[in-house]
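**Q** Let chain A serve as the given structure and place chains B, C and D on it in line with the hints.
Number of protein chains: 4
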Amino acid sequence: MTHRWFDYLVRVQPHHTDYGGVVWHGTYVQWLEAARVECLRELGVAFEDLVNLGYDLPVIDLSVRYHQPLTLGMAAVVKARLAPVRGVRLSWHYQIESLQHQRCASAEVTLVPIDMTRRRIVRRMPDDLRQVIQKIEAYFAPTEAPLQ
Amino acid sequence: MTHRWFDYLVRVQPHHTDYGGVVWHGTYVQWLEAARVECLRELGVAFEDLVNLGYDLPVIDLSVRYHQPLTLGMAAVVKARLAPVRGVRLSWHYQIESLQHQRCASAEVTLVPIDMTRRRIVRRMPDDLRQVIQKIEAYFAPTEAPLQ
Amino acid sequence: MTHRWFDYLVRVQPHHTDYGGVVWHGTYVQWLEAARVECLRELGVAFEDLVNLGYDLPVIDLSVRYHQPLTLGMAAVVKARLAPVRGVRLSWHYQIESLQHQRCASAEVTLVPIDMTRRRIVRRMPDDLRQVIQKIEAYFAPTEAPLQ
Amino acid sequence: MTHRWFDYLVRVQPHHTDYGGVVWHGTYVQWLEAARVECLRELGVAFEDLVNLGYDLPVIDLSVRYHQPLTLGMAAVVKARLAPVRGVRLSWHYQIESLQHQRCASAEVTLVPIDMTRRRIVRRMPDDLRQVIQKIEAYFAPTEAPLQ
Numbered sequence: 001m002t003h004r005w006f007d008y009l010v011r012v013q014p015h016h017t018d019y020g021g022v023v024w025h026g027t028y029v030q031w032l033e034a035a036r037v038e039c040l041r042e043l044g045v046a047f048e049d050l051v052n053l054g055y056d057l058p059v060i061d062l063s064v065r066y067h068q069p070l071t072l073g074m075a076a077v078v079k080a081r082l083a084p085v086r087g088v089r090l091s092w093h094y095q096i097e098s099l100q101h102q103r104c105a106s107a108e109v110t111l112v113p114i115d116m117t118r119r120r121i122v123r124r125m126p127d128d129l130r131q132v133i134q135k136i137e138a139y140f141a142p143t144e145a146p147l148q
Numbered sequence: 001m002t003h004r005w006f007d008y009l010v011r012v013q014p015h016h017t018d019y020g021g022v023v024w025h026g027t028y029v030q031w032l033e034a035a036r037v038e039c040l041r042e043l044g045v046a047f048e049d050l051v052n053l054g055y056d057l058p059v060i061d062l063s064v065r066y067h068q069p070l071t072l073g074m075a076a077v078v079k080a081r082l083a084p085v086r087g088v089r090l091s092w093h094y095q096i097e098s099l100q101h102q103r104c105a106s107a108e109v110t111l112v113p114i115d116m117t118r119r120r121i122v123r124r125m126p127d128d129l130r131q132v133i134q135k136i137e138a139y140f141a142p143t144e145a146p147l148q
Numbered sequence: 001m002t003h004r005w006f007d008y009l010v011r012v013q014p015h016h017t018d019y020g021g022v023v024w025h026g027t028y029v030q031w032l033e034a035a036r037v038e039c040l041r042e043l044g045v046a047f048e049d050l051v052n053l054g055y056d057l058p059v060i061d062l063s064v065r066y067h068q069p070l071t072l073g074m075a076a077v078v079k080a081r082l083a084p085v086r087g088v089r090l091s092w093h094y095q096i097e098s099l100q101h102q103r104c105a106s107a108e109v110t111l112v113p114i115d116m117t118r119r120r121i122v123r124r125m126p127d128d129l130r131q132v133i134q135k136i137e138a139y140f141a142p143t144e145a146p147l148q
Numbered sequence: 001m002t003h004r005w006f007d008y009l010v011r012v013q014p015h016h017t018d019y020g021g022v023v024w025h026g027t028y029v030q031w032l033e034a035a036r037v038e039c040l041r042e043l044g045v046a047f048e049d050l051v052n053l054g055y056d057l058p059v060i061d062l063s064v065r066y067h068q069p070l071t072l073g074m075a076a077v078v079k080a081r082l083a084p085v086r087g088v089r090l091s092w093h094y095q096i097e098s099l100q101h102q103r104c105a106s107a108e109v110t111l112v113p114i115d116m117t118r119r120r121i122v123r124r125m126p127d128d129l130r131q132v133i134q135k136i137e138a139y140f141a142p143t144e145a146p147l148q
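Chains as they are written, first to last, in the working numbering: chain A, 1 to 148; chain B, 1 to 148; chain C, 1 to 148; chain D, 1 to 148.
If you want a taste of the chain B side facing chain D, the calculated C-beta under 10 Å gives, among others:
| id | residue |
| --- | --- |
| 1 | 19 |
| 2 | 24 |
| 3 | 26 |
| 4 | 29 |
| 5 | 32 |
| 6 | 33 |
| 7 | 48 |
| 8 | 58 |
| 9 | 59 |
| 10 | 62 |
| 11 | 107 |
| 12 | 108 |
| 13 | 116 |
Now the in silico label distances, taken between C-beta atoms and shown as ranges:
| id | chain 1 | residue 1 | chain 2 | residue 2 | range |
| --- | --- | --- | --- | --- | --- |
| 14 | D | 126 | B | 41 | 45 to 55 Å |
| 15 | D | 89 | C | 101 | 48 to 58 Å |
| 16 | B | 4 | D | 49 | 46 to 56 Å |
| 17 | C | 3 | A | 87 | 26 to 36 Å |
| 18 | D | 119 | A | 143 | 53 to 63 Å |
| 19 | A | 41 | B | 121 | 25 to 35 Å |
| 20 | D | 102 | C | 44 | 47 to 57 Å |
| 21 | C | 91 | B | 67 | 39 to 49 Å |
| 22 | D | 7 | A | 42 | 16 to 26 Å |
| 23 | A | 65 | C | 134 | 22 to 32 Å |
| 24 | A | 102 | D | 122 | 33 to 43 Å |
| 25 | B | 49 | A | 53 | 22 to 32 Å |
| 26 | C | 3 | B | 46 | 26 to 36 Å |
| 27 | B | 121 | A | 42 | 32 to 42 Å |
The hints are simulated quantities; they were obtained by calculation from the structure and are not laboratory data. The beta-carbon is built from N, C-alpha and C at its ideal position, and this holds for glycine as well.
One chain only, chain A, in its complex shape:
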């Protein structure tokens, strides 16, 4: 059984680094966000459209483990996939790898839909949002055959 991943390429710019010459640990949070937003866009879902529909998807849980530092000028791949959705929680899993396939960081980010007019977590997934999410889930559904 093989997982499909969405690959998002990043390049370490000076503003990503700190005094240690490596990427500052909080910078990864920006990359995790950009990777999932661009994954949605690739699947035809513009995040700004969700916001305009009156939903927001705030992060309620974030965890990152740091394995190897990235230094100025290095390129890396942020690999992202949505885990099977239970209830209203959307859980994204991440692997961040150097171009030489060295594991640099791994992460998990959980988001929940919020009704912005009432600023409350939705109890049940609204139909329009459910359709969007099923599309994303289908994309990441594990397959028997190896993917390229």
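**A** Quick look at chains B, C and D alone, frame taken from chain A:
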């Protein structure tokens, strides 16, 4: 003739620095913003109240000159003052100094009030905003006598 | 048994917020860092001195749970404490609360000392670092009597 | 006479925005940096190689004018070019445009080479750096014929 300044203290944290071991040049923009917001608060004007009144104060012009770098752990004073207001443009002047009074950076930031419902620059300063600004101008009005 | 916390005050500035009008979830990582650096400074340990001794303390694990959003202009307290140290792992626990004692976020950050000349995790805590850490541990040691 | 520009594409992510729903004004400073670093890379000059040679290129002057805001999800082009070099000052000019060619911001950033071992501005451009810069200048030299 002496200018009054509002002093805002900052401390260089790891996330402010870059690979060179000094404060990344874009970090100063955060400090300039915090200094003017805290100056307003000191004078009784909460920026969030302006936003809730339906105004925003976007920056339309920013310039920073960098004289001496600040390094990890250093403290510095962001000295801010509002220049005399002409029309609807609010122009803030800044000096950033180390605690040893060494000049590290100087800056100028210009903002204009926007009516958020129409997302347009106001042509004339609205009365409620004018009162707020006159209060701030009065605070920074140059005086004959030296200040402490 | 009561825990001692180090309190670090933050104020939500415009650059901390996102399109949702609340603090962007990655901003908290800056606050967690500033809180532990300022805690060390309060106890007489300047982080830049550790760096100058040839050590770095990279984060190897970060987790944040978000309970209630903070909005523009709000003040909050980042409460930080070092958990009892095992081996070379330094684990900081955090509670972020509004001034009305509402729980906004909780977090845990783990760091390990690195020998910067060899860029490797130290196997055993070096003596100079151990002394620093024991001082911090002593500060946070649980006491029988309630603290004020 | 037509100027050649280096085009660097950006997409507005949630972490780029502020409470106003538009890109926070300091975010542009990251984009200006990324655009010039990627322009150098395109011309065969990796910025990290300059750093490893013992040089740094700190920003000594930054100015940005903001014309039209960018909102969540919008794409924009950061157009960058190096102005003809005089002495040791490298001056980059920028236009930031929406994909509909609306001018969103314009900027100018000046950098000077620093000898990192002595942390001083170089008096004369070192030979290895001069060769790099002449290559970049040649790329941006104005031409008689219109470019595509």
